[in-house]
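Each chain, written out:
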Amino acid sequence: MSLNSIFQYFVPKDRKFFPLFEQATANLVDISTCLVKVVSTTDEDKKIAFYKEIERLEHVGDDVTHQILLELSKNFITPFDREDIHALATAIDDVADYIYGSANRLNLYKITQATDSMVELAVLIQQACSDLHKAVCELKDLKNFRNITDSCVRINSAENQADHVFNKAVADLFDHEENALVIMKYKEILSVLETATDKCEDAANVMESILVKHA
Amino acid sequence: MSLNSIFQYFVPKDRKFFPLFEQATANLVDISTCLVKVVSTTDEDKKIAFYKEIERLEHVGDDVTHQILLELSKNFITPFDREDIHALATAIDDVADYIYGSANRLNLYKITQATDSMVELAVLIQQACSDLHKAVCELKDLKNFRNITDSCVRINSAENQADHVFNKAVADLFDHEENALVIMKYKEILSVLETATDKCEDAANVMESILVKHA
Amino acid sequence: MSLNSIFQYFVPKDRKFFPLFEQATANLVDISTCLVKVVSTTDEDKKIAFYKEIERLEHVGDDVTHQILLELSKNFITPFDREDIHALATAIDDVADYIYGSANRLNLYKITQATDSMVELAVLIQQACSDLHKAVCELKDLKNFRNITDSCVRINSAENQADHVFNKAVADLFDHEENALVIMKYKEILSVLETATDKCEDAANVMESILVKHA
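Protein chains in written order, with the numbering used here: chain A, 75 to 289; chain B, 75 to 289; chain C, 75 to 289.
Treat the hints with care, as some may be off.
One copy or any two copies: either way a pair holds, since identical chains are not told apart in the list.
Said to hold, decoys possible - The list that follows gives simulated cross-link-like pairs (lysine-lysine, DSSO-like), each with its CA atoms no further than 27 Å apart:
{"id": "1", "residue 1": "Lys242", "residue 2": "Lys126"}
{"id": "2", "residue 1": "Lys120", "residue 2": "Lys242"}
{"id": "3", "residue 1": "Lys242", "residue 2": "Lys261"}
{"id": "4", "residue 1": "Lys184", "residue 2": "Lys111"}
{"id": "5", "residue 1": "Lys259", "residue 2": "Lys121"}
{"id": "6", "residue 1": "Lys184", "residue 2": "Lys242"}
{"id": "7", "residue 1": "Lys261", "residue 2": "Lys184"}
{"id": "8", "residue 1": "Lys217", "residue 2": "Lys90"}
Just so you know, the hints here were simulated from the structure itself, not pulled from any lab data.
I would like the entire structure built from these sequences, with the hints used as guidance.
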């Protein structure tokens with residue numbers, strides 16, 4: 075009996091990890107959508123409502139991560155390698171943390187209008203989160219593993235694009251902005267946004283590694 | 075024979091890991107106490123003595139970490155999962171590194187008087203280190219596992235408070251300080267202090283995960 | 075049959091991991107040599123050629139890392155612990171990433187002349203990469219394990235020196251440079267260079283851990 079067939083045997087029985095991972099990435103879709111909204115409006119009241127919602131969703135994500143790690147501690151048999159489950163849960167949690175971190179800084183640093191680069195990065199994060207959710211939903215049977223691969227390729231591409239947007243935006247800041255305080259604030263927010271896409275890529279890498287072992 | 079009872083069987087025999095972990099967290103209590111002293115004085119001579127002591131204690135911590143990882147490499151049977159021992163040792167080492175990193179920057183950047191936020195963060199680090207030590211000392215028999223849980227809850231709370239202190243301090247800097255160089259120096263020191271509490275939380279998370287498996 | 079002899083038995087058969095690791099560290103020698111060249115010239119055309127070469131070598135490194143992780147996913151039996159192979163491949167990949175990251179920032183921030191500290195750090199990175207390659211080439215038979223230990227000691231020493239160069243350079247910047255934008259750019263480049271030596275040390279630590287288990 076190959077490892078693969080052992081896997082096929084256990085997967086249908088898993089009622090714990092897959093629903094939790096789907097909750098975690100559905101939450102990423104929500105929180106990233108909220109981030110796009112917050113950088114796309116200049117209405118202060120709406121912004122405050124979005125900031126609060128992002129904070130709430132970050133706590134929701136924390137709870138789901140905590141449940142996944144708890145299940146991992148309690149269960150001897152898991153549908154994937156323990157290290158992959160841990161790495162995937164952690165990467166998804168990190169995405170939510172960095173989304174919250176960027177929104178929190180926009181708020182604290184009183185940025186009334188996000189720059190075009192920030193909007194571009196928020197949209198790339200949203201795309202990557204949407205692909206993460208699609209990929210995670212396919213993990214439970216792996217019948218359409220090509221869909222997972224396609225999502226992972228798009229996530230890698232979003233991360234590459236985010237790198238370019240970030241590098242160009244920072245070089246532009248140094249070229250055109252003279253106020254060091256503004257540069258510091260913007261550069262940090264851009265950096266936190268870019269790191270969110272890195273964490274999406276980390277999650278995609280874990281899924282590709284799961285695919286290699288099982289598909 | 076359950077994993078748990080295997081564990082109970084081996085634990086009394088462990089003479090290697092528990093004493094080393096207790097040394098490592100006792101060292102954290104010392105180095106964090108020294109950090110509180112350094113941010114609480116404006117006496118230059120005392121400060122220099124504290125900086126030297128913090129550097130010495132950081133080396134002591136390095137040696138203990140090295141011994142733990144060496145024991146881990148040499149021993150096939152360990153009282154906890156290998157990954158947990160590695161993660162706990164690394165997190166404790168990171169706490170000492172960040173405490174030293176913050177003291178070193180206070181010295182290099184010639185900060186003659188630490189800000190109130192820096193003092194608050196140093197005190198939170200000291201509290202978290204004290205709780206880490208208490209929790210580690212209970213690990214060897216797990217009879218009073220609720221004490222470990224209580225310590226971990228307090229460490230998580232210290233980390234949350236440190237987040238708030240940090241975010242507020244940085245926002246205040248941007249609001250009230252005009253000198254970009256001062257902002258850069260202070261922000262970096264605050265960030266290193268805040269990261270020390272993150273590493274305390276990492277260590278607490280490992281202990282909670284050990285508890286779930288064994289208590 | 076001891077673990078050690080099982081190891082000795084399997085090692086001669088490994089045709090996958092050792093050649094890939096040697097490729098990965100040979101690539102580090104190339105990319106770090108290119109970094110030294112880029113910080114040692116003020117000729118703009120040569121610099122652009124070096125920047126492009128560093129980018130190309132970073133992609134080469136990515137491909138090798140990807141192959142190592144793919145082999146790791148496909149192979150049940152590996153010459154070292156799976157976690158060590160993963161950690162070593164990741165650390166080597168990180169070194170290349172940080173070298174590329176520093177070159178990319180030199181380019182984006184339009185630094186026409188690298189500072190003495192940047193040159194010193196680039197030379198330390200090159201030395202550490204050269205030692206990493208030497209050590210990795212000895213991993214396949216471990217007959218001369220003392221050579222590996224010697225390389226690791228030199229890498230640790232290079233990292234320590236890099237720490238001192240970095241700390242002194244940043245303190246000097248705050249003391250002698252008034253332009254906050256210049257400080258921000260230089261400090262970030264120095265920090266990325268210093269982190270490259272940290273990643274060399276991470277790789278050396280993995281090799282020392284492999285030695286403890288097998289030599």
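Here is what the structure says about each hint:
1. Lys242 / Lys126: between (30 Å within a copy, 17 Å between copies)
2. Lys120 / Lys242: between (29 Å within a copy, 22 Å between copies)
3. Lys242 / Lys261: The answer is both: 11 Å in one copy and 19 Å across copies each meet 27 Å.
4. Lys184 / Lys111: Close inside one copy (16 Å), not across copies (35 Å); limit 27 Å.
5. Lys259 / Lys121: Within one copy only: 18 Å inside a chain, 31 Å across chains, cut-off 27 Å.
6. Lys184 / Lys242: Classified as both; 23 Å inside a copy, 12 Å across copies.
7. Lys261 / Lys184: Close inside one copy (14 Å) and across copies (17 Å); limit 27 Å.
8. Lys217 / Lys90: Cα proximity of Lys217 and Lys90: one copy only (20 Å, versus 30 Å across).
Hint compliance for this structure: no hint is broken.
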